[in-house]
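Given these sequences and hints, build the entire structure.
Protein chains in written order, with numbering that gives the first Met the number 0: chain G, 0 to 360; chain F, 0 to 360.
Since the hints were made in silico from the structure, they are not lab data.
It is possible that part of the hints are untrue.
Which copy is meant is left open, because identical chains are indistinguishable; a pair holds if it fits in one copy or across any two.
[As the list claims (entries may be wrong)] Below, a list of computed lysine-lysine pairs in the DSSO-like style, where the Cα atoms sit at most 30 angstroms apart:
| no. | residue 1 | residue 2 |
| --- | --- | --- |
| 1 | Lys255 | Lys359 |
| 2 | Lys133 | Lys231 |
| 3 | Lys251 | Lys185 |
| 4 | Lys104 | Lys44 |
| 5 | Lys352 | Lys133 |
| 6 | Lys231 | Lys352 |
There are 2 protein chains.
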Amino acid sequence: MVDRVYNFSPGPGTLPVDVLQQASRDVVNFKETGIGLIEMSHRSKEFMAVAENTENLLRELMEIPDNYKVLFLQGGASSQFYMIPMNLLGNGKKATYLNTGTWSKKAIKEAKLFGDIEVAYSSEEQTFNRVPTKDEYSVGQDSEYLYFVSNNTIYGTQFPEFPETDKLLISDMSSDILSRKIDVSKFGLIFAGAQKNMGPAGVTIVIIREDLLEKTPDNTPTMLCYKTHADKGSMFNTPPCFAIYAVGEVLKWLKKQGGVAAMETRNIEKAELLYNQIDSGDYYRGHAEKDSRSLMNIPFNLPTAELEAKFIAEATEVGLNGLKGHRSIGGCRASIYNAFPREGVEKLVAFMKEFEASNKA
Amino acid sequence: MVDRVYNFSPGPGTLPVDVLQQASRDVVNFKETGIGLIEMSHRSKEFMAVAENTENLLRELMEIPDNYKVLFLQGGASSQFYMIPMNLLGNGKKATYLNTGTWSKKAIKEAKLFGDIEVAYSSEEQTFNRVPTKDEYSVGQDSEYLYFVSNNTIYGTQFPEFPETDKLLISDMSSDILSRKIDVSKFGLIFAGAQKNMGPAGVTIVIIREDLLEKTPDNTPTMLCYKTHADKGSMFNTPPCFAIYAVGEVLKWLKKQGGVAAMETRNIEKAELLYNQIDSGDYYRGHAEKDSRSLMNIPFNLPTAELEAKFIAEATEVGLNGLKGHRSIGGCRASIYNAFPREGVEKLVAFMKEFEASNKA
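Next comes the structure, spelled out in structure tokens:
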């Protein structure tokens, strides 16, 4: 195969080469059945085993307790923005949201269609450059749940510690699931689109505590009730088979790498390399406040927009792809998810040094 | 590659080998970019071109008029069961449904959550073995739309001609889209899950007349408004990239085969081979009435359940896979979608003759 480039895309993001090569074989002929994975009945024993294996690996790697269901849903993480309040709230009921970026803001907008939403914290006026500490917000006693986004892909912030509450805790972990150890039992519901740390686009994982399955109001469309999918092992209708398969392959790879704890160690090391370079002078400036820095997405600026454009263009030429920042804050952004190799970060750091030396502000 | 088996699965169903082989290459390294298709940003110029190409090919092959939008959605055809009435009906408004099988029945159930549903025809008492002729039902003047399922995968029935109405016509074409020429301009909305005639599971195509985009009630969640996806070219959030790509590859293949008209001719020929065998004696009995027979799914019975089990087992041994009928009517079923080769049907017919000769009732 030809040379791989280093793909800093924020999502869909880089996947392990081993996974791509295995998928390449299985797409045409799955386990010598003479049928390609993507044309195989979802009710076949072969695919049922794939789905079961994906769920079991996720349970093992995240140590998901038995009283939680794992669902493989469609519609992207964006569909969870309304499904959560649709299932868990109701007229007159309250929920609390922490507004730390674009995705929490969108989730708040959808939740307002279903209940009374209290925004207990917002860093919007500081262009979302930080997440709150525990003493910066409080959750009303009549609130049903506290909702937060664990890692903010666009602004490069991440909760170093999770909020603590006696209410239900709900988290969008789309961009940092499986990147660090977490205690699932502290949560009521965790969800994540697959296309950053887990696989290709097309499937969203929902990890939900079983008792929450009973809260859905009557007259909710069948496909929008969590219970529908929980009761049928995510096979109520045809699931997104290829995406579920590919997540399973990523999880196998992750297990071979040593699991989530090993990933966390590497992720810390990779991010430090890059933050150290950013902090080494005034040429590069990180967007996030230091205490809120993300290990997954690292947005940074150069002295001028012209230099940023030149930086991105020249980086692309040397095989460092996808470094353009999100349009909402501009600049550059390096997304370095689980599957992003350390060598790519080292190469970026070297490139940053050279670029600074030859492009004085 | 190893021998392919003939895959009669009702869906996900068989795909052209050329498509599988192209996908196998692109998954690892898309167009020599050094990035695999399934890890590529959906905002990259490469993927944007893929999505655009898929839409343009579908427009060309189905001759979709300019005043229709083509959407690539997630959630399966089952999600359209509620999205249609959620967007197009409203309290006190009426819609008319033709109940010709499991999928129309499920659609009726969901529609009842949103409006007043009139079931103008049902063949449920005859185990859904037929579809109605035009004089067997009428549509109330106060009805907003007439909904029908073009082809009933489980029961093997298909509308030989489409209903005519001065109301909006809506059709679930999940199991026969692109299998025969249709006049899209007669319809308000057509939808189809990809995994039978168009590609892998994970994407649902919605073809919707533009004026219908304005009917959605306020307070509908953003992700559930057709307009959201229409306005953003199905890129409001991360789309199911691989499935959209694979549909595009299937459409390229279909175009090379001569387009929809050529497919229709072949589909008629393939189905005739099988129906002729069924009709040649009393050993095999088709489930559907002759005037309602499907060109896509052909359920049939043998003299006894024991013989059916033996038939399916021995067929599998000679490379004829997926012939088990749906649990709701049992027996056997051959699904012979666009990509199913004529040689596979010929092999099945030969096998049926041999089996009958050596297994007298």
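Checked hints:
Proximity of Lys255 to Lys359 under the C-alpha cut-off of 30 angstroms is found in neither arrangement, the shortest distances being 44 angstroms within a copy and 55 angstroms between copies. Taking the shortest Cα distances, Lys133 and Lys231 never come within 30 angstroms of each other, neither inside one copy (38 angstroms) nor across copies (38 angstroms). With identical chains, the CA atoms of Lys251 and Lys185 are at most 30 angstroms apart within one copy only, with a shortest distance of 25 angstroms there and 49 angstroms across copies. Proximity of Lys104 to Lys44 under the C-alpha cut-off of 30 angstroms is restricted to the inter-copy arrangement: shortest distance 28 angstroms between copies versus 42 angstroms within a copy.
Taking CA atoms no more than 30 angstroms apart as the test, Lys352 paired with Lys133 passes in neither setting, with 37 angstroms inside one copy and 75 angstroms between copies. For the identical chains of this complex, Lys231 and Lys352 are neighbours neither inside a copy (54 angstroms) nor across copies (39 angstroms), given an alpha-carbon limit of 30 angstroms.
Consistency with the previously given hints fails for numbers 1, 2, 5, 6, ordered from lowest to highest.
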